[in-house]
Amino acid sequence: AQSVAQPEDQVNVAEGNPLTVKCTYSVSGNPYLFWYVQYPNRGLQFLLKYITGDNLVKGSYGFEAEFNKSQTSFHLKKPSALVSDSALYFCAVNYGGSYIPTFGRGTSLIVHP
Amino acid sequence: DTAVSQTPKYLVTQMGNDKSIKCEQNLGHDTMYWYKQDSKKFLKIMFSYNNKELIINETVPNRFSPKSPDKAHLNLHINSLELGDSAVYFCASSQAQTRNEQFFGPGTRLTVL
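Quick mapping for you: the protein sequence lines, in order, are chains A and B.
Using the working numbering, the final residue of the first sequence is 1115, and nothing's skipped along the way.
Using the working numbering, the final residue of the second sequence is 96, and nothing's skipped along the way.
In isolation and in its complexed conformation, chain A is listed as follows (with noise of 0.2 angstroms):
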């Protein structure tokens, strides 16, 4: 079984400012752990994945994220926010016994200028 809680629904930043979304996860066995985005009226876009190895994991248009085994967590992060960062990102989780992620239910992204 395996399950992903993202506890915001809406983060409010201002650009310029480091941003953080937050991901818990539950899953029988390791993980692997997923981040994606999506645009308004788009499909979702991978942005960066931990499967082994080092803890932080660097990804695209400047996101990294931390993967945190004794917290369960593998929160996103941005050192300078964008407005262009505004968007709805989804964390997920997979492991090696399942073909099918769980997706949490997303959290929105807003960056003031």
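The hints are simulated quantities; they were obtained by calculation from the structure and are not laboratory data.
The structure presented is a predicted model; accordingly, all values stated were derived computationally and were not measured.
Keep in mind that a hint or two might mislead.
[Unchecked claim] Which chain B residues face chain A? A few, computed with CB under 7 angstroms, are given here:
id : residue
1  : Lys24
2  : Phe25
3  : Leu26
4  : Ile28
5  : Ser31
6  : Phe73
7  : Thr81
8  : Arg82
9  : Glu84
10 : Gly88
11 : Pro89
12 : Gly90
[Claimed, not checked] Quick look at which bits of chain A chain B covers, simulated, 3 or more residues with Cβ under 8 angstroms:
id : segment
13 : 1031 to 1045
14 : 1048 to 1061
15 : 1088 to 1096
16 : 1101 to 1109
[To be verified] Pairs of lysine-lysine residues, derived as BS3-like cross-links and limited to a Cα-Cα distance of at most 30 angstroms, are as follows:
id : chain 1 : residue 1 : chain 2 : residue 2
17 : A       : Lys1051   : A       : Lys1071
18 : B       : Lys24     : A       : Lys1079
19 : B       : Lys19     : A       : Lys1051
20 : A       : Lys1051   : B       : Lys(-8)
21 : B       : Lys27     : A       : Lys1079
22 : B       : Lys24     : B       : Lys(-8)
23 : B       : Lys(-8)   : B       : Lys5
24 : A       : Lys1024   : B       : Lys24
25 : A       : Lys1051   : B       : Lys23
26 : B       : Lys19     : A       : Lys1060
27 : B       : Lys23     : B       : Lys5
28 : A       : Lys1071   : B       : Lys24
29 : B       : Lys5      : A       : Lys1051
30 : B       : Lys27     : B       : Lys50
31 : B       : Lys23     : A       : Lys1024
32 : B       : Lys19     : B       : Lys54
33 : A       : Lys1051   : B       : Lys54
34 : B       : Lys(-8)   : B       : Lys50
35 : A       : Lys1071   : B       : Lys27
36 : B       : Lys27     : A       : Lys1024
37 : B       : Lys5      : B       : Lys19
38 : A       : Lys1051   : B       : Lys27
39 : A       : Lys1060   : B       : Lys24
40 : A       : Lys1051   : B       : Lys24
Yeah, the Cβ is synthetic: ideal placement off N, Cα and C, and Gly gets one too.
Place chain B on chain A using the hints.
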């Protein structure tokens, strides 16, 4: 060159009709998926399919059925459409490894009147 394409982009129809949404991927992937995104942006997986196995989300009504003429195509057939079927439907593909990310199509907005 579009990686995952869907047609049509918009579909407006009456209750009780039967409709199909087509999906094609040119990535050489061997697993394809259908997702439903509701008005609250929640993403729900409906099917996962490769040439070996069809995995159906048990909550999906049997009015919905995937049809795969070949590895690059996975169409979604919907019989006896209901008002609650109105949503955005996304097709996606990946390699059949749980550690691989998915590539999403642009979505089909279905409106049932």
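The hints, checked one at a time:
| no. | hint | result |
| --- | --- | --- |
| 1 | Lys24 | holds, 5 angstroms |
| 2 | Phe25 | holds, 6 angstroms |
| 3 | Leu26 | holds, 5 angstroms |
| 4 | Ile28 | holds, 6 angstroms |
| 5 | Ser31 | holds, 5 angstroms |
| 6 | Phe73 | holds, 6 angstroms |
| 7 | Thr81 | holds, 5 angstroms |
| 8 | Arg82 | holds, 5 angstroms |
| 9 | Glu84 | holds, 4 angstroms |
| 10 | Gly88 | holds, 5 angstroms |
| 11 | Pro89 | holds, 5 angstroms |
| 12 | Gly90 | holds, 5 angstroms |
| 13 | 1031 to 1045 | holds (count 7) |
| 14 | 1048 to 1061 | holds (count 3) |
| 15 | 1088 to 1096 | holds (count 3) |
| 16 | 1101 to 1109 | holds (count 6) |
| 17 | A/Lys1051 to A/Lys1071 | holds, 15 angstroms |
| 18 | B/Lys24 to A/Lys1079 | holds, 22 angstroms |
| 19 | B/Lys19 to A/Lys1051 | holds, 23 angstroms |
| 20 | A/Lys1051 to B/Lys(-8) | holds, 29 angstroms |
| 21 | B/Lys27 to A/Lys1079 | holds, 25 angstroms |
| 22 | B/Lys24 to B/Lys(-8) | holds, 17 angstroms |
| 23 | B/Lys(-8) to B/Lys5 | holds, 10 angstroms |
| 24 | A/Lys1024 to B/Lys24 | holds, 17 angstroms |
| 25 | A/Lys1051 to B/Lys23 | holds, 25 angstroms |
| 26 | B/Lys19 to A/Lys1060 | holds, 29 angstroms |
| 27 | B/Lys23 to B/Lys5 | holds, 24 angstroms |
| 28 | A/Lys1071 to B/Lys24 | holds, 28 angstroms |
| 29 | B/Lys5 to A/Lys1051 | holds, 28 angstroms |
| 30 | B/Lys27 to B/Lys50 | holds, 19 angstroms |
| 31 | B/Lys23 to A/Lys1024 | holds, 19 angstroms |
| 32 | B/Lys19 to B/Lys54 | holds, 21 angstroms |
| 33 | A/Lys1051 to B/Lys54 | holds, 25 angstroms |
| 34 | B/Lys(-8) to B/Lys50 | holds, 19 angstroms |
| 35 | A/Lys1071 to B/Lys27 | holds, 26 angstroms |
| 36 | B/Lys27 to A/Lys1024 | holds, 20 angstroms |
| 37 | B/Lys5 to B/Lys19 | holds, 14 angstroms |
| 38 | A/Lys1051 to B/Lys27 | holds, 20 angstroms |
| 39 | A/Lys1060 to B/Lys24 | holds, 26 angstroms |
| 40 | A/Lys1051 to B/Lys24 | holds, 22 angstroms |
When each numbered hint is compared with the structure, no violation occurs for any of them.
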